[in-house]
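Undergrad: Chains C and L, in that order, give the protein sequences.
Position in the first sequence (first residue = 1) + 202 = our numbering.
Position in the second sequence (first residue = 1) + 1 = our numbering.
None of these hints come from the bench; they were simulated from the model.
None of these values were measured; they are calculated from a predicted model.
Yeah, the Cβ is synthetic: ideal placement off N, Cα and C, and Gly gets one too.
Please note: incorrect hints may appear among the correct ones.
Stated by the list, open to error - Covered stretches of chain C, as calculated for chain L (at least 3 residues, CB under 8 Å):
1) 490-503
2) 511-517
Stated by the list, open to error - Take a look, some chain L residues computed to stay more than 10 Å from chain C by CB distance:
3) 7
4) 93
5) 171
6) 182
7) 190
8) 299
What the hints assert, rightly or not - Below 25 Å or equal to it, Euclidean Cα-Cα: the simulated SDA-like pairs (lysine to any residue) are:
9) 273(C) - 213(L)
10) 442(C) - 474(C)
11) 123(L) - 282(C)
12) 273(C) - 543(C)
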Amino acid sequence: MSVSAPPIPAAPVPDGADRWRRINLVAGLAVGLSLTILLTGQGFALLGARIVLLAGLITLAASLLRGRAHKFFSGPSAYVATASLFVLVVLAIFASEISPQNPYDLRQLDIMDGRLPPGSTTFDGSMTYHLGTDEQGRDILSGILYGLRVSLSVSIFATLAAMAIGVVVGIYAAWAGGRTDTILMRIVDFQLSFPSILVALMLMAAFGRGLDKIVIALIIVQWAYYARTVRGTALSEARKEYIDAARGLGLPDWRIVFGHLLPNCIPPLIVISTVQVANTIVLESSLSFLGVGVPITQPSLGLLISNGYGYMLSGQYWMSMYPGVALLAIVASINMVGDRLRDTLNPRLQK
Amino acid sequence: MLVFLLRRLTQSVFVLIAMMVVVFFGVYMIGNPVDILISPDATPAEIDETMARFGFDQPVYIQFLKFVGNALQGDLGRSFVHGESAVSLILSYMPATLELALLGLIFSIAIGVPLGVYAGYKADRWQGRAIMTGSIFGFSLPNFWVGMLLILIFAVELQWLPSTGRGDTVEVLGLRLSIFTADGFQHMILPALTLALYKASLVTRLARAGTQEALMQDYVKFARAKGLSETRILVVHVLKNIMIPIITVLGLELGSMIAFAVVTETVFAWPGMGKLLIDSILTLDRPVIVAYLMMTVIIFIVINLIVDLVYTLLDPRVRVKGSTA
Numbered sequence: 203m204s205v206s207a208p209p210i211p212a213a214p215v216p217d218g219a220d221r222w223r224r225i226n227l228v229a230g231l232a233v234g235l236s237l238t239i240l241l242t243g244q245g246f247a248l249l250g251a252r253i254v255l256l257a258g259l260i261t262l263a264a265s266l267l268r269g270r271a272h273k274f275f276s277g278p279s280a281y282v283a284t285a286s287l288f289v290l291v292v293l294a295i296f297a298s299e300i301s302p303q304n305p306y307d308l309r310q311l312d313i314m315d316g317r318l319p320p321g322s323t324t325f326d327g328s329m330t331y332h333l334g335t336d337e338q339g340r341d342i343l344s345g346i347l348y349g350l351r352v353s354l355s356v357s358i359f360a361t362l363a364a365m366a367i368g369v370v371v372g373i374y375a376a377w378a379g380g381r382t383d384t385i386l387m388r389i390v391d392f393q394l395s396f397p398s399i400l401v402a403l404m405l406m407a408a409f410g411r412g413l414d415k416i417v418i419a420l421i422i423v424q425w426a427y428y429a430r431t432v433r434g435t436a437l438s439e440a441r442k443e444y445i446d447a448a449r450g451l452g453l454p455d456w457r458i459v460f461g462h463l464l465p466n467c468i469p470p471l472i473v474i475s476t477v478q479v480a481n482t483i484v485l486e487s488s489l490s491f492l493g494v495g496v497p498i499t500q501p502s503l504g505l506l507i508s509n510g511y512g513y514m515l516s517g518q519y520w521m522s523m524y525p526g527v528a529l530l531a532i533v534a535s536i537n538m539v540g541d542r543l544r545d546t547l548n549p550r551l552q553k
Numbered sequence: 002m003l004v005f006l007l008r009r010l011t012q013s014v015f016v017l018i019a020m021m022v023v024v025f026f027g028v029y030m031i032g033n034p035v036d037i038l039i040s041p042d043a044t045p046a047e048i049d050e051t052m053a054r055f056g057f058d059q060p061v062y063i064q065f066l067k068f069v070g071n072a073l074q075g076d077l078g079r080s081f082v083h084g085e086s087a088v089s090l091i092l093s094y095m096p097a098t099l100e101l102a103l104l105g106l107i108f109s110i111a112i113g114v115p116l117g118v119y120a121g122y123k124a125d126r127w128q129g130r131a132i133m134t135g136s137i138f139g140f141s142l143p144n145f146w147v148g149m150l151l152i153l154i155f156a157v158e159l160q161w162l163p164s165t166g167r168g169d170t171v172e173v174l175g176l177r178l179s180i181f182t183a184d185g186f187q188h189m190i191l192p193a194l195t196l197a198l199y200k201a202s203l204v205t206r207l208a209r210a211g212t213q214e215a216l217m218q219d220y221v222k223f224a225r226a227k228g229l230s231e232t233r234i235l236v237v238h239v240l241k242n243i244m245i246p247i248i249t250v251l252g253l254e255l256g257s258m259i260a261f262a263v264v265t266e267t268v269f270a271w272p273g274m275g276k277l278l279i280d281s282i283l284t285l286d287r288p289v290i291v292a293y294l295m296m297t298v299i300i301f302i303v304i305n306l307i308v309d310l311v312y313t314l315l316d317p318r319v320r321v322k323g324s325t326a
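Could you build all of it, start to finish, from the sequences and the hints given here?
TA: Okay, structure coming up:
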């Protein structure tokens, strides 16, 4: 047998990876675009944007589980968690279409309907309050749907932004090394030595309440986790051959970092960020419960619970109990999906 | 060892200085404290007078130096609301929080260790899986929501336990404590349980992992060969070996217990440091907020220092690295 020249690489096995990459890109763009439309309230097709958003999210989730769905759905708890997460996300996205009342619109509220138990009808009998009303006559069900939207969007946005900052800092620290690395990681260690709820509480005490402020506080609280995780991944990835190969090709640093290192540092973050969204929801609702979170005009689930809390001791449980159940459902289902994702995507368990 | 200790101490001092800067500029510089101190219809002369009295008319760096100087003497200002020194105010609220956190730790061990050992013993059976799924709920349940549920069940529906306040207290070694009176202990059960639940699921996971590992060790095989009962192996041999890491981790978590107590104390109207902090934030009582922050930072620095020292004493590898580096 003679040593021949290395064989010309055959065409890559058509496993659809390329097609999925394109689909991912389109879905991601669709999600981003529809979110922009929804958040700015611009444009006429809000319902359309919501449908596009949902479709985009489903596509992204499907591409994440592509080829591993069998492994992910092992056992009943995975089905239950995925189904309930799906339902809750749909409810949050279409809150304004589904909910029987707009809880922010004061004209729709009637103080005569205040503190009605579940199942009562309005003063004029036109609508049923399936989960009762709060002290201002707001329908609890509608409040929950809108609150779910606030809780979810605040947490997801804060988590994504914190992840972006963490990734940049982590990769920069790993790539720069030396003194920069030491200083950045000292800051990270310093921040992580304090419990996040305490840091967030302090920030909110300094900022005052507000949607933008709580998002900023949640970002500041979280970025350090990602920075540390990404730095670890980046350090081990940077030693691998493909980085040497890229160097050998004479690529500039920024191309190596953004084109080669960065994409390989992202996958471990997917699981972390899923669980982190749940933690952020809990943190946000705790802050809102303490009265330093979202403003009264845009209640999240935590604030709804806090509003009804005063009436609970007198037996009017529905005002804080049902928002509490919704909070529990969303947090538990995200955590369970995250747990399954960890088992499914963990690179150490693959192969 | 001494070098290591000195290095750590200098680091702590730097952290403290950094925190002072952050706290001062964070809390004192945002917004104008005069707005809170003076009624809106005060005359300009009155405003100037108050500004001068609190030193707000001076340049920022002088205010900061004054703040640092006073802080070094243990003076972090007077509470606007209580009219007392902020530090002594917090110190008077501290015993309530500490006893709550301590009872919480004890509860979390009492709940978590048996569940975890059992889950580790039956790791692949439904019992083990059920406990692990349950511990996810322990992680996911927000602290205040657990407290609310407990109040609804045990205080409102069953009326077994009181839901708010501290109950009777008794003076022990100069501290007012609830834990030693029957009424006070009843008041503590629900808040301590609430505080314990999150840590209990952490302990469950630790104990499960420890048990699974310990069951594969030779000493367990040997104990089985001797014909000891499974219960005895688990309770005597396994438990003894998994407790050390669990206690260490929980010691670390004492600080975060104190932080989480903020939420629990608010739910149960427990008059501790956390409740004081929330009330101070809502009434914009800045000296108390600052004092709470500085004292918590000191508590955390001390805890971290102790943990590092304990690790150094227990683990020779850390010692070598620490003293040569």
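Undergrad: Minimum C-beta separation from residue 182(L) to chain C exceeding 10 Å: can you confirm that?
TA: holds (24 Å)
Undergrad: Quick check: the stretch 490-503 of chain C, covered by chain L? Criterion 3+ residues, Cβ under 8 Å.
TA: Holds: 4 residues of the stretch 490-503 of chain C have a Cβ under 8 Å from chain L.
Undergrad: Does residue 299(L) really sit off the interface, with its C-beta more than 10 Å from all C-beta atoms of chain C?
TA: holds (12 Å)
Undergrad: Are residue 273(C) and residue 213(L) close enough, with their CA atoms no more than 25 Å apart?
TA: holds (24 Å)
Undergrad: Is residue 123(L) close enough to residue 282(C), meaning Cα to Cα at most 25 Å?
TA: holds (24 Å)
Undergrad: Examine the stretch 511-517 of chain C for residues whose CB is less than 8 Å from any CB of chain L, and state whether their number is three or more.
TA: Coverage by chain L holds here, the residue count being 4 at a Cβ distance below 8 Å.
Undergrad: Taking the shortest Cβ-to-Cβ distance between residue 93(L) and chain C, state whether it exceeds 10 Å.
TA: holds (21 Å)
Undergrad: Under the criterion that the straight-line Cα-Cα distance not exceed 25 Å, is the pair residue 442(C), residue 474(C) satisfied?
TA: holds (23 Å)
Undergrad: Closest CB-CB distance from residue 7(L) to chain C, is it above 10 Å?
TA: holds (18 Å)
Undergrad: Quick one: work out the minimum CB distance from residue 190(L) to chain C and report holds if it exceeds 10 Å, violated otherwise.
TA: For residue 190(L), whose nearest Cβ neighbour in chain C is about 17 Å away, the distance exceeds 10 Å, so it holds.
Undergrad: Test the statement that residue 171(L) is away from the interface with chain C: the closest C-beta pair must be farther apart than 10 Å.
TA: Holds, because the least Cβ-Cβ distance between residue 171(L) and chain C comes to about 27 Å, which exceeds 10 Å.
Undergrad: Given the hint that residue 273(C) pairs with residue 543(C), does the C-alpha gap stay at or below 25 Å?
TA: Holds - the C-alpha atoms of residue 543(C) and residue 273(C) are around 9 Å apart, at most 25 Å.
Consistency with the previously given hints is maintained throughout, with no hint failing.
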